[in-house]
Amino acid sequence: MSSHAQRGANVTTTYAASPLTAIDRCDRCGAQAYVRATLVSGSELLFCAHHWHDNEARLRQIGAIIHDESERLGEVPATAGAEER
Numbered sequence: 000m001s002s003h004a005q006r007g008a009n010v011t012t013t014y015a016a017s018p019l020t021a022i023d024r025c026d027r028c029g030a031q032a033y034v035r036a037t038l039v040s041g042s043e044l045l046f047c048a049h050h051w052h053d054n055e056a057r058l059r060q061i062g063a064i065i066h067d068e069s070e071r072l073g074e075v076p077a078t079a080g081a082e083e084r
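Its first residue numbered 0, the sequence shown is counted upward by one per residue in numbering that gives the first Met the number 0.
Calculated from the structure, these hints are not laboratory results.
Just so you know, even glycine gets a beta-carbon here, dropped at the ideal spot from N, CA and C.
Any given hint could be a false lead.
To be verified - Between beta-carbon pairs, the in silico distance windows are:
(1) D26 with R71: 12 to 22 angstroms
(2) E55 with R24: 31 to 41 angstroms
(3) A77 with A56: 18 to 28 angstroms
(4) P76 with V39: 20 to 30 angstroms
(5) S40 with P76: 31 to 41 angstroms
(6) Q31 with A56: 32 to 42 angstroms
(7) R57 with R24: 19 to 29 angstroms
(8) G29 with A56: 33 to 43 angstroms
(9) L38 with P18: 26 to 36 angstroms
(10) P18 with H49: 29 to 39 angstroms
(11) S40 with T78: 13 to 23 angstroms
(12) L38 with T78: 27 to 37 angstroms
(13) R57 with T78: 13 to 23 angstroms
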């Protein structure tokens with residue numbers, strides 16, 4: 000084994016989920032995504048809160064890494080008018 004391959008064998012990867020934005024859409028219905036599920040294969044699935052609740056148990060069962068921002072659903076955007084607050 001070369002010294003380059005040996006050095007690479009000791010490298011570890013840190014997973015840092017980027018925040019979900021309004022551009023991120025649910026893979027099931029196209030609504031804004033609030034949950035990202037990263038599968039063991041590295042593939043990502045995005046879900047709205049409704050479809051997350053439908054699929055949560057199975058995704059946790061298969062060991063998906065979950066990034067859940069559904070608590071943001073109760074937030075009022077900073078750009079909202081006074082009548083919306």
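- Item | Enumerated hints in conflict with the structure, sorted upward | Structure breaks hints 2, 3, 4, 6, 8, 9, 10, 11 and 13.
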